[in-house]
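Student: Taking the hints into account, I'd like the entire structure generated from these sequences.
Okay, so the sequence shown: first residue is 1 according to the UniProt record's numbering, each after it adds one.
You can trust all of the hints, since none of them are fake.
Label-pair restraints from in silico Cβ distances:
(1) N128 to G256: 55 to 63 Å
(2) F285 to M209: 37 to 45 Å
(3) F25 to G64: 50 to 58 Å
In silico EDC-like links for lysine to aspartate or glutamate, alpha-carbon gap of 16 Å or less:
(4) K230 to E267
(5) K70 to D472
(6) K230 to E268
(7) K360 to E501
(8) K407 to E330
Simulated from the structure, these hints should not be mistaken for laboratory data.
Note that CB positions come from ideal geometry on N, CA and C, so glycine has one too.
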Amino acid sequence: MAGGAVKKPVNIFKLRNLDEPSQVFNWRLWFAVISFGLLGAARGVDEGLISGAFNSKNFQSSIGYSSYTKSEQANIKANVSAMVQIGSVAGALLAFVVCDRIGRIWATRQLCVLWVVGIAIFMGAHGNLGAIYAGRFIAGLGVGQTPVVGPVYIAEIAPASIRGFCTCIFTGFVYLGIVLAYFTNYGSQLHLGDATPNRWLVPTSLHVMFAGLIFVLTFLQCESPRYLVKQGQDERALRVMARLRNLPPDHAYVVGEMGAITRSHHEEIETTRGAGWLGILREAFTIRSNLYRVGLTIGAQVMSQWSGAGSITLYAPDLFALLGVTGTDETLLVTAVFGVVKLVAAVLCALFLVDFIGRKRSLLLGIGFQAVAMVYVAGFLTAVPGLGGDTTDNSYTLSAAELGPSKGAIAMIYLSGFGWALGWNSMQYLLTAELFPLRIRAFCTSLAMTFHFANQYGNSRAVPNMLLPVADGGISAQGTFWCFAAVTLLGAAWVWFFIPETAGRSLESMDRLFSLPWYQIGRYGNRDADAQDRAAFDSVHHLEKDRSNASNESNESNDSSSKAAV
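Tutor: Here it is, written out as structure tokens:
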């Protein structure tokens with residue numbers, strides 16, 4: 001090349017070129033990201049398995065399901081499905097204390113233990129509803145910590161230019177878990193059938209496999225450097241960061257990154273004078289920029305969960321049956337393909353969107369797909385009200401004219417899953433993990449995930465009852481989807497006005513996004529922060545130039561004095 005210049009490797013997944021050395025993108029980084037990304041499978045496996053397990057005839061027989069009324073059956077199904085979510089509310093709250101007290105590594109180990117213990121109780125319940133509820137609640141205590149521990153650790157070790165991609169690997173494993181769960185349900189039904197006693201235990205064992213694998217992998221990983229800085233272990237943090245970056249500890253990139261982390265943490269400590277939990281609460285809720293961030297993350301959880309896509313994942317077999325898919329095997333197969341669609345969308349989002357076109361555009365694109373799908377399905381069910389009856393025993397037969405629109409509605413369910421994976425389900429973890437200062441990051445992420453699981457519980461608990469006809473106390477299937485469509489459109493407007501772009505920024509520079517008045521942050525925060533970045537860069541550049549000129553003048557003066565002396 002001309003002038004002997006060395007061509008730097010091009011990373012097509014970056015929104016911005018931050019000039020990281022090529023050694024930064026090494027196998028240790030990817031191994032750590034994948035190891036903690038696997039935590040996403042906890043939610044995915046449960047969401048994909050529970051509906052298929054519950055719908056198996058031998059599971060229903062074990063709890064005497066047919067002896068209950070339709071309303072009682074809806075409540076039992078909702079309770080069994082949603083008990084992990086209610087346990088996860090407590091788990092997400094617990095994650096803050098555990099993460100900050102024992103670190104990200106040990107937090108992962110203890111949540112794996114809770115996860116396995118809960119699933120073991122669930123599998124050994126032998127039809128006892130009380131034990132089933134208890135086992136799933138305990139499993140939820142572990143599962144509820146995964147979206148706190150996983151994304152926080154990944155965001156804290158990932159280089160700024162690919163932080164979105166790395167954090168979305170967690171989301172990708174959510175869908176990998178869903179796909180494996182769906183296909184395991186389908187394969188078990190196809191090859192074992194309902195005649196096999198306790199057939200539902202075979203797919204449920206996926207929980208134990210994933211928890212065991214993650215537990216083992218933690219012994220091959222290092223603690224987060226940012227957590228070590230918070231604990232005052234600066235030298236160990238430097239060694240770990242150098243190992244993750246595959247650079248020597250005295251390399252300028254490592255020294256600069258660790259210097260920014262240390263300065264930022266010391267500034268936070270100085271601001272709060274080292275106060276304990278009360279100081280963390282005060283910092284989160286009384287500092288205007290932090291309060292805005294708390295509101296953003298809580299709002300994201302409310303909007304995303306009540307847009308309905310999460311409950312579609314949980315009750316996919318029932319909803320496909322509602323739209324005209326017949327037969328248990330066919331329903332499970334269509335559901336499994338739905339999981340593949342969401343996995344593909346998550347991969348596309350991670351590779352080509354969040355760090356390439358940015359978080360906000362990716363989120364709006366996903367919400368757009370989701371809104372189109374919800375409006376279509378709601379309109380179809382309104383036009384064919386016979387399908388909006390009891391989803392557990394729907395005897396309505398589609399006419400020839402209705403078959404085409406029915407297939408279109410099924411395709412729209414796929415589109416809603418595609419949009420959910422591109423948008424809300426990726427962003428709700430990514431934004432939560434990267435917005436907050438180090439001192440309050442674990443607490444605020446834990447708080448956001450508490451709202452996540454509380455809303456997920458409320459939605460998953462309500463949907464079986466919402467789908468019931470009005471005469472049975474529900475709002476009908478069409479009313480349910482019109483509700484989802486309205487929330488999705490409201491979410492699009494909320495994102496447009498209030499969420500700023502965070503792609504390409506270091507975790508320590510996020511404060512600059514929130515320096516404007518609250519009503520301008522979503523529209524102009526990123527532009528203003530870029531201006532501050534340029535001003536800071538120019539200031540440092542001019543300062544270094546002035547120092548260099550002063551040094552040169554001093555050297556010239558010394559040379560003149562020496563010559564005069566000679």
